[in-house]
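In order, the protein sequences belong to chains A and B.
Taking numbering that gives the first Met the number 0, the leading residue of the first sequence gets 0, the next gets one more, and so forth.
Taking numbering that gives the first Met the number 0, the leading residue of the second sequence gets 0, the next gets one more, and so forth.
Hints are computed from structural coordinates only; laboratory data are not their basis.
These numbers were taken from a predicted model, which means no experiment stands behind them.
From the three backbone atoms N, C-alpha and C, an ideal C-beta is built for every residue, glycine too.
Just to be clear, a hint being listed does not mean it is correct.
What the hints assert, rightly or not - Derived, one-sided and incomplete: chain A residues facing chain B with beta-carbon distance under 10 Å: (1) Gly98; (2) Thr102; (3) Lys166.
Stated by the list, open to error - Stretch by stretch, here's where chain B covers chain A in the computed footprint (C-beta under 8 Å, at least three residues): (4) 38-50; (5) 103-116; (6) 199-207.
As the list claims (entries may be wrong) - A short list of chain A residues far from chain B (calculated; beta carbon distances all over 10 Å): (7) Gly26; (8) His60; (9) Asp182; (10) Phe192.
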Amino acid sequence: MVSKYSSVPTLDIDFIMPGDVSFDTPGGGIDGGRNGMGDAISINLSGGPLVTATVANCFIHEPEQFEYIGWLRARMNSGVRFINVPLLNDWYGPFPIIGGVPTPIIKGIPHSDGSLFSDGSGYSQATVWGKVMEDAAQYAGILRMRVYNPSRTLRHNDWFSIYHEVKGWRAYSYWEVLDRYDDGIETVDGYDFPFQEYRLALDVPLREAVTAGTRTELARPMCVMKFPLGFTLPTNIKGFYESSPTLQFTEGK
Amino acid sequence: MDFVPESIIEEMRGSHTLGIFMHVATDPPLHVWFGTEDIPANFDSIDDEGSVYLGGGVLNGLPTLEVLLNGSSDAVDFSLSGIDPETGRAMINSLPPVRGKQVTIGLTTLDDHFQPMSSIIPFWQGTASHTVEESLPVKSAQSPTLTLSLSVMAGSVSRSRPSRSLWSQPHQEALSAPGHPLDKFCNETARLARGVSPPWGLGY
């Protein structure tokens with residue numbers, strides 16, 4: 000069986016109402032020689048980090064939420080199946096402020112005649128997205144990317160994700176802006192989109208080669224993940240109708 | 000150019016990212032490196048352009064690599080654990096032709112953008128002997144790990160070459176190259192038991 004990274008479901012992170020979400024990129028290291036203070040040079044042997052996520056203290060109360068957690072347990076325990084985990088960057092990503100809050104995704108977009116779907120929902124669309132501008136090889140650490148509609152410049156760090164044909168959704172972020180190119184306006188299908196363009200140094204090297212023109216996702220970027228070894232998600236019920244599970248994820252391999 | 004380029008040595012003086020690569024000359028060759036994900040890299044004149052080394056999980060135990068010296072050198076076991084099924088499959092698929100193949104270990108440093116700073120610098124070569132797949136039983140609270148090992152011989156020490164385990168004259172004659180029945184190298188070894196230092200020579 001070949002591990003399947005693409006076409007996997009996405010974790011509905013709003014639905015399970017986490018109290019605490021964290022993302023990390025740990026890398027393995029060993030010590031080199033030590034000086035008199037016990038300090039050492041570090042030698043990173045893992046050759047780049049992995050993406051991990053913890054979704055802690057979820058508020059599970061409705062029966063449907065219990066069903067959902069049960070499905071996660073059934074699907075994900077033993078860590079051989081994968082799920083796309085969205086990284087909650089809503090608050091600090093380069094998103095426009097709409098109604099007082101940063102809005103990565105606009106929801107409730109009606110049909111052309113102004114009507115919505117029968118359940119009252121509409122289409123949704125990312126406010127900010129990006130595009131790869133130059134081909135990059137597998138394990139490349141530098142990416143030239145154009146970002147559309149950003150509300151600020153890219154300067155310290157943002158998460159984004161790329162959908163790879165084989166490796167599925169993978170999340171990346173940058174640790175340095177190497178170059179900034181001229182801003183501009185690109186017209187797509189008659190609409191004008193202002194963009195900024197950067198050359199970025201990635202903290203997670205590309206898991207698969209990308210070609211120019213590949214879309215990158217900045218709104219709720221996703222990473223295909225599994226439960227780490229030794230972690231299980233029990234169906235846990237407190238006082239008949241409540242639960243607050245903590246989920247751990249590590250990048251799919 | 001130096002065997003180890005100056006820039007690599009300079010990089011290793013401080014904190015750095017080290018890549019350790021293993022190449023087994025099976026057909027097709029097996030490429031594994033001790034990083035987390037697949038990386039394109041190559042040994043000069045061993046690999047074709049565009050070889051991709053599989054991320055073999057985290058290095059479990061890098062054995063002490065010994066160089067054949069005066070005919071004595073251990074077999075070393077390379078172990079990988081935390082192997083994903085794909086890598087495990089690739090390794091297991093290459094089991095039958097592994098024996099006797101050349102194993103090359105090399106290293107290079109990675110720069111800030113995770114690119115190898117040179118071709119992989121080979122620093123140890125051996126001959127593959129056999130593989131070991133091992134998953135030790137664990138207690139209920141622990142998680143089991145799969146460990147694959149490859150036993151590799153350094154130099155000319157392999158099972159196909161008999162060793163002089165007895166150091167007796169008949170043994171020596173049996174092992175001696177054909178056409179040298181007068182090899183008396185071990186003729187006097189019986190005297191060792193009496194505490195005498197026998198002459199080691201041609202027995203004339």
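Taking the hints in turn, this is what the structure says about them:
1. A distance limit of 10 Å between C-beta atoms decides the matter here; for A/Gly98 the minimum to chain B is near 40 Å, and the interface restraint is violated.
2. Evaluation of the A/Thr102 hint against chain B yields a violated restraint, the C-beta minimum of about 33 Å exceeding 10 Å.
3. With 10 Å as the threshold, the beta carbon of A/Lys166 comes within range of chain B, its nearest partner Cβ sitting at about 9 Å, so the hint holds.
4. Given a C-beta distance limit of less than 8 Å, the hint that chain B covers the segment 38-50 of chain A holds, as 10 residues qualify and 3 suffice.
5. With a threshold of 8 Å between beta carbons, the proposed coverage of the segment 103-116 of chain A by chain B is violated, since 0 of its residues qualify and at least three are required.
6. Residues of the segment 199-207 of chain A lying with their CB closer than 8 Å to a CB of chain B number 4, which satisfies the three-residue condition for coverage.
7. Chain B draws A/Gly26 into its interface by the beta-carbon criterion, the shortest separation being 8 Å against a cut-off of 10 Å.
8. Chain B leaves A/His60 outside its interface by the beta-carbon criterion, the shortest separation being 30 Å against a cut-off of 10 Å.
9. For A/Asp182, the shortest C-beta to C-beta distance to chain B comes to about 25 Å, beyond the 10 Å cut-off, and the non-interface label holds.
10. The claim that A/Phe192 lies off the interface holds: its Cβ sits roughly 29 Å from the closest Cβ of chain B, which is beyond the 10 Å cut-off.
In this structure, the hints that do not hold are numbers 1, 2, 5 and 7, in rising order.
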